[in-house]
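As given, the protein sequences belong to chains S and L, one line each in that order. The opening residue of the first sequence carries number 21 in the working numbering; numbering runs sequentially from there. The opening residue of the second sequence carries number 61 in the working numbering; numbering runs sequentially from there.
I should point out that these hints are in silico values taken from the structure, not numbers from a laboratory. Among the hints, a few may not be true.
If you only want the chain S side, here are some residues facing chain L, beta carbon under 7 Å, derived [unchecked claim]:
id	residue
1	K210
2	L214
3	L272
4	T274
5	T278
6	S284
7	Y317
8	L318
9	S321
Just so it is clear, CB atoms sit at the ideal spot from N, CA and C, and this is done for glycine as well.
Each chain, letter by letter, is given below.
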Amino acid sequence: MDAVLNSGDTAWMLISTALVMLMTVPSVALFYGGLTKKENVLNTMFLSLIAFAVTSLIWVLYGYQFAFGADIMGLIGSPANLFMNGIGVDKLAELAPTIPDFLYIAFQLTFAAITVALISGAIVERMKFSAWLAFIALWVSLVYVPVAHWVWGGGFLAQLGALDFAGGTVVHINSGVAALALVYLLGRRKDTRLLPHNLGYSVIGAALLWFGWFGFNAGSALTAGGLAASAFLVTNTAAAAGMISWVIIDYLKTGKPTVLGGISGAVAGLVAITPAAGFVTVPAAIIIGLVTSALSYLAISYLKPRIGYDDALDVFGIHGMSGIWGSVATGIFAAPFINELGTGLIYGNPGQLTAQVVAVVIVAVYSFIVTLVIGKLLDLTVGLRVTEKEEIEGLDTHLHEETGYRI
Amino acid sequence: MKKITAIIRREKLEDVKDALELVGIHGMTVSDVRGRGQQMGIRESYRGMDYCVDLIPKVQVEVVVDSEDLEKVIETVTENARTGDIGDGKIFVTDVLDVVRIRTGERGKKAI
């Protein structure tokens, strides 16, 4: 690819970047906000909003440089342009040479921000806001940035051949496993029932997520071409298959399709296709979407109650489980005629599946352990959990002195 | 004077209202309430997990009438709110000491 600015690519990536921003606020904020109790709706939405703001600053100050700077021993990037100093407006991105560097930086910023926002779904209704603020800064710096370097910035997992088109390992497994670690430290809520106070918010949030995901996945082609179009189509296909699959499971289990099930299935499908979006065919996307809802459903309905962890809004169940399946499925279904960078098991390359599994395990273990350490550190200093009175009466009034609803 | 507080199914409100209208009772106060009686609640399912919601949404109709209209109102509400299934609701009757119409200052039966 010639290092010449392409205005079509640049326009598409500007739009994609804005679309991914939309996924965090309002999409995740609405999706999660509707599922919580009404006394916690503002706090829940704020967790996503503030995640976007804090990550935005970290990313331009040093995050991007360490994630995407020149590789140091496969582990971390070399920070050559801290605070964005020394980057001219006309400089082109090294990893996307037809668009401006600043645009690639902004695009990647939105990925970092949504990854943290996703974690918030697990810890809603009981975590101190001050602890969440500190968590965002530490987690982006110590978990997201290195993992992004390993997979996307030329680090050791990239060198190993692991594929992650738009964030199966970097975004979804990473956030899903971190969520699990954090809820382990936080403990269960006093009332662990999932009785959404406004499912309508969640439907709007999920629909906006689906819309924004086109920027997330098709934007990850980094050009406005055939690969972006292919990623767009398989993304939509997997989301649709995920929704249908969950609805079928609902019918089989209870005889009635639930709306929350439908949107959960769509999100699970979107998550699962994310690592595979630039590598697989439409039929493969259907299989990925159909299977992923069953896996997430099993995790939420059977694994969670059996183990007893309180992942409030099922971040691990949906993002973790579907992210793992999507990453493994990439190793199975990657088609060389879609993208020459990936040849999966069914096209004669079992090594790709091995690389995917290795990446999944390494990212999951690293994310879990470092998140545990960060969480423990915060628990011993600022404290992780609100008081029992604050939790029972709601975080909106106690932490923000506001209420979501006057009537 | 008596106050009839009827807690009924939401879907029966229109029937009860129309029936009371036919027997000459126009004034009423209606509110959305939640509560439970002897039934075990209703089932809701979220992401495959079943929950029993035992405070069930109902409608509360409050009507203040002259004592001689009491039985007529009770009969009308009972007939029109009944389905025969569990959860049809209850009627409470209380004495009313006085009624004041704020606009005119009228009191007692004239103010109903």
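Q.
Let's test the interface hint: is any C-beta of chain L closer than 7 Å to that of S/T274?
A. Cβ of S/T274 sits 5 Å from chain L, so the hint holds.
Q) Would the hint on S/S284 stand, with a C-beta cut-off of 7 Å toward chain L? A) Holds, because the Cβ-Cβ distance from S/S284 to chain L comes to roughly 6 Å (cut-off 7 Å).
(Q) Tell me if the interface restraint on S/K210 is satisfied: Cβ within less than 7 Å of some Cβ in chain L. (A) violated, 16 Å
(Q) Is the interface hint satisfied for S/Y317? The criterion is a beta-carbon contact with chain L at less than 7 Å. (A) holds, 6 Å
**Q.** Agreement of hint S/T278 with chain L interface, Cβ distance less than 7 Å
**A.** holds, 6 Å
(Q) Please check whether S/L272 passes as an interface residue: C-beta within 7 Å of a C-beta belonging to chain L. (A) Since chain L brings no Cβ nearer than about 11 Å to S/L272, farther than 7 Å, the hint is violated.
Q) Under the criterion of a CB-CB separation shorter than 7 Å, is S/L214 in contact with chain L as hinted? A) It holds, given that the least Cβ distance between S/L214 and chain L is near 5 Å, below 7 Å.
Q) Can we keep the S/L318 interface hint, with Cβ of chain L closer than 7 Å? A) With Cβ-Cβ at 9 Å, over 7 Å, it is violated.
(Q) Given S/S321 as an interface hint, is its Cβ closer than 7 Å to any Cβ of chain L? (A) holds, 4 Å
Hint compliance for this structure: hints 1, 3, 8 are not met, and every other hint is.
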